[in-house]
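Trainee: Residue numbers (the working numbering), protein chains in the order written: chain A, 1 to 388; chain B, 1 to 388.
Don't read these hints as lab results, they were simulated from the structure.
Given the structure is predicted, the values throughout are model-derived calculations rather than measurements.
Backbone N, C-alpha and C fix where the C-beta goes; we use that ideal spot for every residue, glycine too.
Any given hint might turn out to be false.
Sample of chain B residues at the chain A side, in silico, Cβ under 10 Å [stated by the list, open to error]:
1. Thr10
2. Ser75
3. His76
4. Arg216
5. Phe355
There are 2 protein chains.
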Amino acid sequence: MKNFEFYNPTRIIFGRGTAPQVGNELKKIGQKFLLVYGQSHIKKTGLYDKVMNSISDAGIEVVEFPGVKSNPALSHAKEGVAKAKKEKVDGILAVGGGSVIDEAKAISAGAVSEIDIWRFFTQEKQIQAALPVCTILTIPATGSEMNGGMVITNEQTKEKFGFMNENLYPRFSILDPTLTYTIPKDYTAYSATDAISHLIEGYLTHEDEWAPIQDRYVESLVKTIMESTERIMKKPDDYQGRATMMWAASLAWNGLGTAGVGNCQIPNHMLEHPLSGLYDIAHGAGLSVVIPAWMKWALKQNPEKIARLGRAVFDIGQQDDTEAAQETANAFKAWFDKVGSPTSLESAGISHPDFDELCEQALSVGKIWDITSYSKDELKDIYELCRA
Amino acid sequence: MKNFEFYNPTRIIFGRGTAPQVGNELKKIGQKFLLVYGQSHIKKTGLYDKVMNSISDAGIEVVEFPGVKSNPALSHAKEGVAKAKKEKVDGILAVGGGSVIDEAKAISAGAVSEIDIWRFFTQEKQIQAALPVCTILTIPATGSEMNGGMVITNEQTKEKFGFMNENLYPRFSILDPTLTYTIPKDYTAYSATDAISHLIEGYLTHEDEWAPIQDRYVESLVKTIMESTERIMKKPDDYQGRATMMWAASLAWNGLGTAGVGNCQIPNHMLEHPLSGLYDIAHGAGLSVVIPAWMKWALKQNPEKIARLGRAVFDIGQQDDTEAAQETANAFKAWFDKVGSPTSLESAGISHPDFDELCEQALSVGKIWDITSYSKDELKDIYELCRA
């Protein structure tokens, strides 16, 4: 085990019917909040009304800031910063999925600073403080509800950058699995892919020779996410399936999976960000294209760990590691296909990929995330494997 | 999955050589601390000097309060409360194992209240605030370094009571595995037993019909604790073994194993507290006596979960559940014997147990912890099984 710090102060309020607790929880923090959400979805489902009633019962004032898109846009976040400053809010309430929460975090950091928020993403500046962010999660996937991470897309440069900062942990996150009943099948699949990717990135790239706590944690959660997703695919309002998926997705990226394993990388995210940045596809959809391709490439250098993952998750047999790793890559591909998350550029709707641009962007993302071992040719090889 | 709240704000600073960070960390919190520790152990190992140097470099003032015993005594904690009040400290620094940390927590609650602290333990009063507690852990076992729990023994009534409160989470805990190299073999075994017990209590008593996150979390950690302990028994300064054990013990009782499983109980702790309370044996030693006996008794009502645990941890075969559960109880007993944690009252040094008094005390502990389903006769049956 390697030296680490672990700190995760987010309060999770989990379960059926918990959304109306929001007003009382906010009251412990402040009086006036910026309410950040996406499009009309939360109005259709009735969640908006529930939240507004709870807030009004608690005597909390909100200023609305809707319009967050998936792959949230820098320009919109900057508008949010201006609004938060003008209205002098005490905090941000994000109601939505990872995109809404990430943009809320960007606003929370910008609201207490004079720095152009994009400079936090390019790592020219460090976040020193932020307004409290509180969340009601509607799509379990990114883990943003229980971590200090955020991702924003700069529409001008088409760059999609992300990072972690301790000031960005949500103060509390309300996770009500019944709010996820209406997630359509494709997004349910993308969510599962996203959460699985968060688990396997560190697992497959750390170099600690003995990490039974972290490795078993990952294997258990990957298996559990698959089982939950299969329950949900059969029955969208399967409470146990939705609840298990929701909590597993938070645990997948809350720091525990990699605490103590030392250096590790997120190459699949480095490869995916250019896809969703350039072609505006869902992040999870891009990941299911990238993961099997990356595995097929990576197993040439290091098949052991991929083989171990396949044995733990898919009960792949005891033949040699390279064969087992190949089977593992195929098994992930088959599973993504089964649940309906795309596994080729074509099926993700990217018919004419610009490989050169993809590689350039992957190189810049890699530089920011300190993943510098991939040459442009190697990146191209992996993107080529995404065709099939 | 059942509704739950999860909140654990303790910052973990983990790894080789981390103890000298204590001064700078304390400085973020206050200027004057009560230094709580046990006997001469931390002086012999050089830890005391390291801590004092770091504290003095950071310009922090400390008031010493040594003398904490294992199964920490209410009267000593009350002396600590008086000292903390008199010296007007900003917080408590606990350097030691679970007993030292627990007593530090009791002092931290008493220091900001006029209530007799024993009334918190009898649940007559609720803790509303506490001084910040910071810890340097020397024995991984109780999980107190990463939870809001504490246990104190009232020497007058011989009652050993414990509970959880959100104000008692340590502000930070420094976990340096090299500090545990000097733990003797018997206490290494008791630590493992204690951590395993924390995991299996909830696992074996919750009634959620599908809890793959929590159940796999427990199975993984129990297996990992056993593997680590076996490494340590071969080589007391095996860093990976000590580090893995240390982190696993914190994870075993930090709330994650039971978050979402709904009601569950801690019957083995209910049975053990009277043993260590009346006979002053190590808590872990009492637990290894109780666990196989309780399993043998409990498998008559509900063999499935015990069987599942045995299959996951000891690869016990697929025969019927009652047989598998019996084998599981035997396998735990054999493992405790192997590492040197006692598995009978006699081998724990209790030659003349007072069954009547044990049962009475178990009934009072059970009442406080809301475990009321055990009759005195049933308790006696289980204690009788502890003889063998």
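Trainee: Run every hint past the structure and note whether it holds.
Mentor: Going through the hints against the structure:
no.: 1; hint: Thr10; result: holds (8 Å)
no.: 2; hint: Ser75; result: violated (35 Å)
no.: 3; hint: His76; result: violated (31 Å)
no.: 4; hint: Arg216; result: holds (4 Å)
no.: 5; hint: Phe355; result: violated (39 Å)
In terms of the numbered hints stated before, the structure departs from hints 2, 3, 5, listed from lowest to highest.
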